[in-house]
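Q: The residues making up each chain are set out below.
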Amino acid sequence: MSVTSPTGAPAIAGRRQARLELWQRNARRFLAELGRQPIALLGGLVVLAFILAAVFAPYITAHDPELGSLRQRLIPPVWQQGGAAEFPLGTDGQGRDLLTRIIYGARISLLVGFLTVAISIIAGAGLGAVAGYYRGWLDTVLSRFADLLMAFPFLIFAIAMMAFIGPGFANLILALTFKGWVEFYRLVRGDIMSEKTREYVEAARALGRSHPTIIVAEILPNIVQSIFVVGTLRMGFFIVTEASLSFLGLGIQPPTPAWGSMVAAGRDVMLTHWWVATLPGLAIVLLVPALNIFGEGLRDILDPRLKVQ
Amino acid sequence: MRAIKILERILYAIPIILGVAVVVFVFVRLTPGDPVDIMMGQGGAISSGEIEQLRAEFHLDEPITNQLWYFLRDAARGDLGYSYILKQPVTVIIADRLPATIELAAGALFLALLIAFPIGIISAVRQNSILDRLSMSFAFLGISMPGFWLGIVLILIFAVALRWLPVQGRLDPQITLQQITGFYVVDSIITANGPALWSSIRHLLLPSITLGAAVAAIVARVLRSSMLEVLRSDYVQLARAKGASESLVVVKHALRNALIPTVTVVGLQVGVLLGGNMIIETVFGWPGLGRLVVDAIFNRDFPLIQGAVMVYALTYILANLVVDVLYTYLNPRIAL
Amino acid sequence: MAEPLLELRNLTTVFPMRRGAVNAVSGVNLRVQPGEILGIVGESGCGKSSVLLSILRLIRQPGHIAAGNIFFKGRDLRRLPQKKMRAIRGNEISMIFQDPLSTLNPVFPVGEQIREAMRLHGIANASPLPWPLAGRRSHEKQRVLDVMAEVGIPAPEARYRAYPHEFSGGMQQRALIAIALVCEPTLLLADEPTTALDVTIQAQIMEVMRRVNREHGAGIILVTHNLGLAAEFCDNIAVMYAGRIVERGPAQQVVDNPQHPYTRGLLACLPQISRQRSRIDPIPGEVPDLAGLPPGCAFIPRCSLARDACNSVDLRLRSLQANQYARCILYEDGVRYTVEEFS
Chain A
381 MSVTSPTGAP AIAGRRQARL ELWQRNARRF LAELGRQPIA LLGGLVVLAF
431 ILAAVFAPYI TAHDPELGSL RQRLIPPVWQ QGGAAEFPLG TDGQGRDLLT
481 RIIYGARISL LVGFLTVAIS IIAGAGLGAV AGYYRGWLDT VLSRFADLLM
531 AFPFLIFAIA MMAFIGPGFA NLILALTFKG WVEFYRLVRG DIMSEKTREY
581 VEAARALGRS HPTIIVAEIL PNIVQSIFVV GTLRMGFFIV TEASLSFLGL
631 GIQPPTPAWG SMVAAGRDVM LTHWWVATLP GLAIVLLVPA LNIFGEGLRD
681 ILDPRLKVQ
Chain B
7 MRAIKILERI LYAIPIILGV AVVVFVFVRL TPGDPVDIMM GQGGAISSGE
57 IEQLRAEFHL DEPITNQLWY FLRDAARGDL GYSYILKQPV TVIIADRLPA
107 TIELAAGALF LALLIAFPIG IISAVRQNSI LDRLSMSFAF LGISMPGFWL
157 GIVLILIFAV ALRWLPVQGR LDPQITLQQI TGFYVVDSII TANGPALWSS
207 IRHLLLPSIT LGAAVAAIVA RVLRSSMLEV LRSDYVQLAR AKGASESLVV
257 VKHALRNALI PTVTVVGLQV GVLLGGNMII ETVFGWPGLG RLVVDAIFNR
307 DFPLIQGAVM VYALTYILAN LVVDVLYTYL NPRIAL
Chain C
-13 MAEPLLELRN LTTVFPMRRG AVNAVSGVNL RVQPGEILGI VGESGCGKSS
37 VLLSILRLIR QPGHIAAGNI FFKGRDLRRL PQKKMRAIRG NEISMIFQDP
87 LSTLNPVFPV GEQIREAMRL HGIANASPLP WPLAGRRSHE KQRVLDVMAE
137 VGIPAPEARY RAYPHEFSGG MQQRALIAIA LVCEPTLLLA DEPTTALDVT
187 IQAQIMEVMR RVNREHGAGI ILVTHNLGLA AEFCDNIAVM YAGRIVERGP
237 AQQVVDNPQH PYTRGLLACL PQISRQRSRI DPIPGEVPDL AGLPPGCAFI
287 PRCSLARDAC NSVDLRLRSL QANQYARCIL YEDGVRYTVE EFS
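Protein chains in written order, with the numbering used here: chain A, 381 to 689; chain B, 7 to 342; chain C, -13 to 329.
Heads up, a few of these hints could be off.
[What the hints assert, rightly or not] Mimicking DSSO-like on lysine-lysine, the simulated pairs with C-alpha atoms at most 30 Å apart in a straight line are:
{"id": "1", "chain 1": "B", "residue 1": "258", "chain 2": "C", "residue 2": "70"}
{"id": "2", "chain 1": "C", "residue 1": "59", "chain 2": "C", "residue 2": "70"}
{"id": "3", "chain 1": "C", "residue 1": "70", "chain 2": "C", "residue 2": "127"}
{"id": "4", "chain 1": "C", "residue 1": "127", "chain 2": "B", "residue 2": "258"}
{"id": "5", "chain 1": "C", "residue 1": "59", "chain 2": "C", "residue 2": "69"}
{"id": "6", "chain 1": "B", "residue 1": "93", "chain 2": "B", "residue 2": "258"}
{"id": "7", "chain 1": "C", "residue 1": "69", "chain 2": "B", "residue 2": "258"}
{"id": "8", "chain 1": "C", "residue 1": "127", "chain 2": "C", "residue 2": "69"}
Hints listed in this document are in silico derivations from the structure and should not be mistaken for laboratory results.
All chains, please: the whole structure from these sequences, using the hints.
A: What follows is the structure, given as structure tokens:
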């Protein structure tokens, strides 16, 4: 028998060190792969630009996102007759700078996208891991419930739920995650069920490790990449859904700047002042494809087997 | 054997439908206040005796399980409640609006498949060609683009700037059309009404494109990737070795197999059509179910919302049932 | 000698890869006489299947035939327009693929798949009676049923409408052979036709092929990794290694008296029941990566007889005894060592 310290601390520290190194190596390889996919990289940079703009919004623009001026209503973008350099993308029906509102709108979109994905992953992956590992009645109940939620088209479900629980940021997150977790649940449950039969899990069992430890320490690291990929791809979808709800007046309420409600407000004047409705939507058309391109790039690098869906 | 399989799928749908009804019921319970409170919110003085009477009429004085039972029983009989805002049974209102919605969804699906199939097939056969790259870039954009924004942009371009197509509605106001089925295109054909046919198709065009764009994009992508996979298969090589021409190989041997995964995806896209329907109908002032629901939400007309959600979910389940049945015909391996 | 049925001259097939161009087939010369059975033997990845696909011009893009001629009945198939090439495929030259389940189209009934081969070439159009009296349909179908019976599919009438997944592996392979035979080709290309099958079924399938050869006089190229099978079944054998033919000759002669070290290696791995408890000696190492192959003999890393000169010499197939050829430094310069002398 070899001599080890009674606490096994050096062994654990050594393992941590090894894991850290492995992680660093993987990160370097990942960045190198990303460099070989210029389009995915471009998508990632656009997303990063949106994130930076959202975080530093007050430093980028001097205008107030919610306070308008009746004298400065419906000024066209700077490149059109009557435009002003002070309002590069013009102003809306209440005389607020459109660019400012679009930049602040990015906060809402990104926050909704991020929170919805995060909560969906935590709930879906957690429940999926438990259901897939232990099976039994809990799996049956959860899976039937997931089937039931799948019987509703996503947007219909979200609209109906918002109609009944009322608009607002927290309710919006609730409505989106209430169905959003199902996808992660199915993904993780399926992965866990197939991973569970692999040798390394049996080896860990033989070493006397507990079930929760095996799920978290042994299996999860093997499927975290696919969760990450699907999460990135779903984020764009959630952002579009939030915008759609806000467009219908069921999501974020004015005067808070959200892209969907800005387009809705612009619709009233779109026949005479085209920019108010179209330009906020253009932000979605920039951000969401960028997110998806980045997500698909991630998928090709991290988890090619997800490709055919 | 196939009949048994199909029956199995239908039986499997029944508990799902029941579950959907329960979820919708629970939704309504999530709202603060009961229907009588909401009716009272509409104004008018009612005596407390009348309130009690109304509560009893809606079984609101009974336990919640009983209420659920009444709701399910009535729904099974085709009674989805009564709209106190529109003063009509919910089923009557929905039936009145449904043809417009179905016409739009059908138009969208038709256009989507009409575009997606050639693009998906040609992109796979000519992989990495300019056409492939271009159409896949468009498909990518189509997936990410929100329908309400696309609709507005299309209106601004084709209706406002170019004046090719109308901005809103289903028919020019000066044209009269005798309504038989409620589908304007069908009614115009039945009544041999040329101007109405032309006008209704022109009105249908922009909303159908808007609603169908995302579907076309997804179907084109899936068809392309399954065609690519099938074109690499051994049986396609055998077809060539038999002496089949490339077009026969693609259209008969490859496409027939690539359809199998594609059909499943088309079924799922019905959900996108249904969900997008509320938004597109709002953008284009289309007098269908979607706009009705959006109005109902702001009027707090809960029986109507509840009934409409039931109809949407049922349509979606039904569409996927049809896909499942179609699937057994397309894929002989599943038939046994 | 009569005009050969098929003659390959310097056939070279190239697959451009990211790692560099791969010569799956390089400079292959072969002849098949009418009614002859030629075996092409080698490990997987040596280019034998590519030879067959090159003959049919079915090499997948971006692979292509880079050089050489494919003379079939005197015509160079390489120069044939697509349309004429299609008329030959499945009609005069047909192919039996390796994996029957993935080769049959899963969504069409087996009978229809056999019938399609016939329909594509307008065979069985000539019904004895004019159209309204005897439909070409029933006439075609009768021919399909006959072929199914001929390849040993029992109860063909009942199985005509069955789907591939409803067939056993042996039956699937028979169906593939029926597809290949239905137009009565003069040349049959068989790519490992029995590899996926049980030994007993193997024997039955080979028997069907032998009958086709005898009764229809069809020439056959049998591609296999099994030298024993080739020795038993073929008139002549060509041994391929890394895209080249390394030894060629009459089947019995090659097996009894192998000249190339690779052929000897293949023979040594053959389990023989008569040789009691003798060891099976595998050839050490693996088939080399065909991309960026150095000049000289490709077998060097695995050859026990290799020496420095093997690296530099551009080896040719040298004539040894009666019709037997080998490509090895042993036989360069007109000097003929035996393997024993050399080592």
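Q: Under the constraints set out in the numbered hints, which ones does this structure not fulfil?
A: 6
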